[in-house]
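Undergrad: Sequence:
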Amino acid sequence: MVKELRERTGLGMMECKKALVEADGDIEKAIDDMRKSGQAKAAKKAGRTAAEGGVVVATNDANTVAVMVEINSETDFVARDDNFLGFCDKVAAAALSAGETDVAKIGELKLEDGSTVEEARQALVQKIGENIQIRRAAKLEAEGAIGAYVHGGRIGVLIALKGGDAELGKDVAMHVAAVNPMVVSGDQVPADVLEKEKEIIRAQPDMEGKPAEIVEKMLGGRINKFLKEVSLLDQPFVKDPNTTVGALVKAAGAEVASFERLVVGEGIEKEEVDFAAEVEAAAKG
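Using my numbering, count along the sequence shown one by one with no gaps and you end on 1237.
Do not take every clue at face value.
[Said to hold, decoys possible] Each pair of labels, with its calculated beta carbon distance range:
1) R1032 with D1144: 35 to 43 Å
2) L1063 with K970: 17 to 25 Å
3) P1157 with T1068: 58 to 66 Å
4) D1144 with F1029: 25 to 33 Å
5) E1093 with M1159: 14 to 22 Å
6) M1159 with A1014: 51 to 59 Å
7) N1012 with K1177: 33 to 41 Å
The set of hints was computed from the structure by calculation and includes no laboratory data.
Note that the Cβ used here is the ideal one computed from N, Cα and C, for glycine as well.
The task is simple: from the sequences and hints, build the whole structure.
TA: Encoded structure:
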């Protein structure tokens, strides 16, 4: 019976089990009750693609721990709504307080009003009328300072520094937002990525017919160039191209330990909506 209720409403096992208990095992009454409470409405919206939204950051008072959360909506209009933005801030604060990045566990966290994050999400879906989803979260801890930067509410970056301060961290975070490095330093590039790049270089037209030793020499030079292009510390600093990020950080007596970068909707395949076809289908019943 729980399985049937889950299939018909799209809600989770615990919600369905609770609804059935409260309805004395009457599945139709359980569905009616869920519709009245708005749970079923929230579940129905959950099937729709949410690829817009925002990235929000919460940092502790000492500026040594930060959490960054991506929360999706269906439209950019809702992503700018005060109710949505307020929800995002509450989720990030709760995740920071609990030190949690697992999305399912974030949903179980309690907010100040006593409701859970998941309950607040469902209430927001009812109010706004769009699918709202907490997609992912990242957390960084720093021996020195945390640098945080959010660009336009859509690109978020956290930097963990050894030494330095929040201002330096923000500058480096701004650079990461703009340039999107793959790693902190070249030695962190995964072996499979490096091997794939070598294959691409070997297949380039100017490599054809050259002696093996020349090919290897050219390969080494181009790989070094590639490593500098994708490594944060070797990149020209976006605010002053005459210096590298590595030189900037070193001059401040600091080191970059790690970074996290989230972009709203990254990797989500958006639905192509044919409104004319939708209207035609609706007219045909």
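Undergrad: Please go over all the hints and tell whether each is borne out by the structure.
TA: The hints, checked one at a time:
{"no.": "1", "hint": "R1032 with D1144: 35 to 43 Å", "in the structure": "holds (40 Å)"}
{"no.": "2", "hint": "L1063 with K970: 17 to 25 Å", "in the structure": "holds (20 Å)"}
{"no.": "3", "hint": "P1157 with T1068: 58 to 66 Å", "in the structure": "holds (59 Å)"}
{"no.": "4", "hint": "D1144 with F1029: 25 to 33 Å", "in the structure": "violated (41 Å)"}
{"no.": "5", "hint": "E1093 with M1159: 14 to 22 Å", "in the structure": "violated (45 Å)"}
{"no.": "6", "hint": "M1159 with A1014: 51 to 59 Å", "in the structure": "holds (53 Å)"}
{"no.": "7", "hint": "N1012 with K1177: 33 to 41 Å", "in the structure": "holds (40 Å)"}
Against the hints set out earlier in the document, violations occur for numbers 4 and 5.
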